[in-house]
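Taking the hints into account, I'd like the entire structure generated from these sequences.
What follows is the residue order along each chain.
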Amino acid sequence: MAEMAASGESPEILFWVGCAGSFDDRYKAVTQAFVKILNKVGVSFAVLGPEETCTGDPARRAGNEFLFQMQAVSNIQVLNGYNIKKVVTACPHCFNTIKNEYPALGGHYEVIHHSTFLQQLINEGKVTMQGGGGFKGKKITFHDSCFLGRANNVYEAPREVIKALDVELVEMKRCRTKGLCCGAGGAQMYKEPEPGKKDINIERTEEALDTGASAIAVGCPFCLTMMTDGIKNKNRENDVQVYDIAEMIAKDQGL
Amino acid sequence: MSILSRLIFLLIFIIAGYILYRRVSFLRRAILLGKESDRTDNPSERLKVMGLVAFGQKKMFKRIVPAILHLFLYIGFIIINLEILEFVIDGLSGQHRFFAPFTGTWYVVALNIFEFLAVGTLVASIIFLIRRNAIAIKRFTARELKGWPGLDANIILMAEITLMIAILVMNATDQALADKGFGYYTQIDGLFFSSLIKPLFIDMGAETLFIIERVAWWFHIIGILAFAVYVTYSKHLHIFLAFPNVYYSNLKPKGQMDNMEAVTNEVNMMLGLPANTPEGEAPAEIARFGAKDVNDLSWVNVLNAFSCTECGRCTDQCPANMTGKLLSPRKIMMDTRDRAEEVAISIDKGGPGLEDGKSLLGDYITKEEIFACTSCNACVEACPVNIDPLAIIIEMRRYIAMEESGTPQQWNAMFQNIETSFSPWKFSPSDRFNWADKLKAEETK
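As they're listed, the protein sequences go chains G and W.
The opening position of the first sequence corresponds to residue 35 in the numbering used here, with each subsequent residue numbered one higher.
The opening position of the second sequence corresponds to residue -3 in the numbering used here, with each subsequent residue numbered one higher.
Quick caveat, the hints were computed from the structure, so don't treat them as lab data.
In this text, a Cβ means the ideal position worked out from N, Cα and C, and glycines have one as well.
Incorrect hints may appear among the rest.
[Unchecked claim] Below 30 Å or equal to it, Euclidean Cα-Cα: the simulated DSS-like pairs (lysine-lysine) are: (1) G:K225 <-> W:K44; (2) G:K120 <-> W:K434; (3) W:K44 <-> G:K212; (4) G:K266 <-> W:K44; (5) G:K172 <-> G:K70; (6) G:K266 <-> G:K285; (7) W:K134 <-> G:K212; (8) G:K173 <-> G:K285; (9) G:K232 <-> W:K44.
[To be verified] Computed far set for chain G versus chain W, every beta-carbon distance over 12 Å: (10) G42; (11) S44; (12) N117; (13) K119; (14) G171; (15) E228; (16) L243; (17) K268; (18) V274.
Here's what the structure looks like:
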């Protein structure tokens, strides 16, 4: 972004990569897949790179409002400094925070989740399916992320993207408004769960496996981690894959 | 009816009215222990949501069986209570079935509707009792329902069954008396349900029938008044509070947390930015960050607590609860209500109120419960009357994090990572763009 600004350019969208997208080894592949799609379509976009910092979501959900606001205010200063109007992110937590919680601190942007963005590209014919990745006809289930679904009522966009791949989309018993959390929200990602009889991601993985799907599609970095761990726990990593929807589209495009 | 019974009738109404007035003012005081919170914006949208969710029972219909059974109780409650109008006129004027002479066929139609709903209510209440006690559905057997809450639910169902039987017995004996040409009783042809049980009474003497009819009549009207008073001491307050509760519910996206202005001012001061408070006005004194006790919550949180029917749909959908963690969103609401009631009673008696050495967090709700929440909003989504347990959980986390620094060690490490390396994980901020190296390498190939 700094380079673009220096040369007087202003991008159509700012891709907010997020911490998982920047540092999580598995999830970096999702960032790369989404960027490949953006490059192929020829969308003018920028990333903040080292100028991006945590949105503050986990701090806020864990109760540390000071830390959240410190993060938020500094991010807003950067975004406003570059005169950013439109933000796209693959992380529902970043999406929710920037879209719903930054306005109260002076950050007003059009914020969309990458599922909605991909759906738009497909609807506009900018992405046409190439049949790569071998998804056609496969049974695939979608796991709703709480911060995309219940928190922001985005249920159809990721499903439309998956359906565009001509797959058989099978729903879990608890889906959409009743979707079961992967167990990572509310800053649970960063600590061990409280004592109980089971881990939430195992409960959800069992439900996903019950559908008989050969792949679980997600739209959230934490869900990706939790479901992948669940699949490993069940020793099914050889026959059941966990993908972010952007990876599925990139594979289809042979990217 | 004699003058004496008319006076007794009037007296009973006045006593019930007085008790209700006292109790309603008490509940108002208890709810207003909560802090101010403005939920008066967008009245047209609020009315619409209230119409759909409270009046229209929209969210109940996610579960069709209890929804239909509950609908009988709901419509039965509203419609059958129209009959009270006639009870009152009869009771005060000493007449019998005041509306019958000049409403003709409509009277029969109305009474049949009442009887139909009475039978519906009766059947629904019996099925509810079976679901609660014999089938023992999971959400009705949780730890927070042991003791009074479980008993409260059964008392109400039993009361409804007896009240509905009273209506049917009253109508049946009334008609048995009319058949005998006794007193002021007149024939009302075509009462479907009560005529089915009339044969039970037909052989009885007129005197006995008269006593039964009067007992059923008095039992029904006193029962309804007693019920009205009882409701205000029970979880059944939802029949009234569901409406304001939904009206004042959160209209924003569920994922959006409220901004703490007090913190914004401090952050702005720290960063040398202008404060949000108007020029010259000192920022309001902050009692406490987050919530330790009921008075730290907003009045909407406390209204939520008094509106809770303890149905347990929230707890049933809670990922933490279903995997065996201590957290139960229903218990959060019940604890909030119980604490508000305890404090309000203490204040009324001139006691220590909030300063009784106890607090909602600590004595009622534990940190273990609060920490188990994934903020997934399943409880908020599940609540048929738009109660928001998550809002209370978040306020308590704020208190624990900012006033006590009592968050779990791993969260403290996460906070520290965000402070020092601007990410919840300990990575170097300068490595943030490294994911692009692979793409750049591929491009140059």
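To see whether the hints hold, each was checked on the structure:
Proximity of K225 of chain G to K44 of chain W is assessed by CA-CA distance (about 41 Å); at most 30 Å being required, the pair is judged violated. A hinted pair counts as satisfied when its Cα atoms are at most 30 Å apart, and K120 of chain G with K434 of chain W qualifies at roughly 26 Å. Only pairs whose Cα atoms come within 30 Å are accepted, and K44 of chain W paired with K212 of chain G is accepted, the gap being roughly 23 Å. Pair hint K266 of chain G plus K44 of chain W does not hold up; C-alpha atoms about 47 Å apart against a cutoff of 30 Å.
Distance hint between K172 of chain G and K70 of chain G is fulfilled; the C-alpha atoms sit about 24 Å from each other, no more than 30 Å. For the hint pairing K266 of chain G with K285 of chain G, the CA-to-CA distance comes to about 22 Å; that is within 30 Å, so the pair holds. Distance restraint check for K134 of chain W and K212 of chain G: the Cα-Cα separation of roughly 18 Å lies within the 30 Å cut-off, and the hinted pair is therefore satisfied. Among the hinted pairs, K173 of chain G with K285 of chain G is consistent with the structure: their alpha-carbon atoms are about 16 Å apart, no more than 30 Å.
Restraint check: the Cα-Cα separation between K232 of chain G and K44 of chain W comes to about 41 Å, which exceeds 30 Å; the hinted pair is violated. With a minimum CB-CB distance of about 21 Å to chain W, G42 of chain G clears the 12 Å threshold, and the non-interface call stands. No Cβ of chain W comes within 12 Å of the Cβ of S44 of chain G; the nearest lies about 20 Å off, and the non-interface call holds. With a least CB separation of 19 Å from chain W, N117 of chain G remains clear of the 12 Å interface cut-off, as annotated.
With a cut of 12 Å on Cβ distances, K119 of chain G stays outside the contact zone with chain W, its closest approach being about 20 Å. Against chain W, the non-interface label of G171 of chain G holds: every CB pair exceeds 12 Å, the least being about 30 Å. Not every C-beta of chain W lies more than 12 Å from that of E228 of chain G, the closest at about 4 Å, which undercuts listing it as non-interface. No Cβ of chain W approaches the Cβ of L243 of chain G within 12 Å, the least distance being about 17 Å, so the stated non-interface status holds.
Even its closest Cβ contact with chain W, about 16 Å, leaves K268 of chain G beyond 12 Å, as expected for a residue assigned away from the interface. With a least beta-carbon separation of about 21 Å from chain W, V274 of chain G lies farther than 12 Å from that chain, consistent with its non-interface assignment.
Hint compliance for this structure: hints 1, 4, 9, 15 are not met, and every other hint is.
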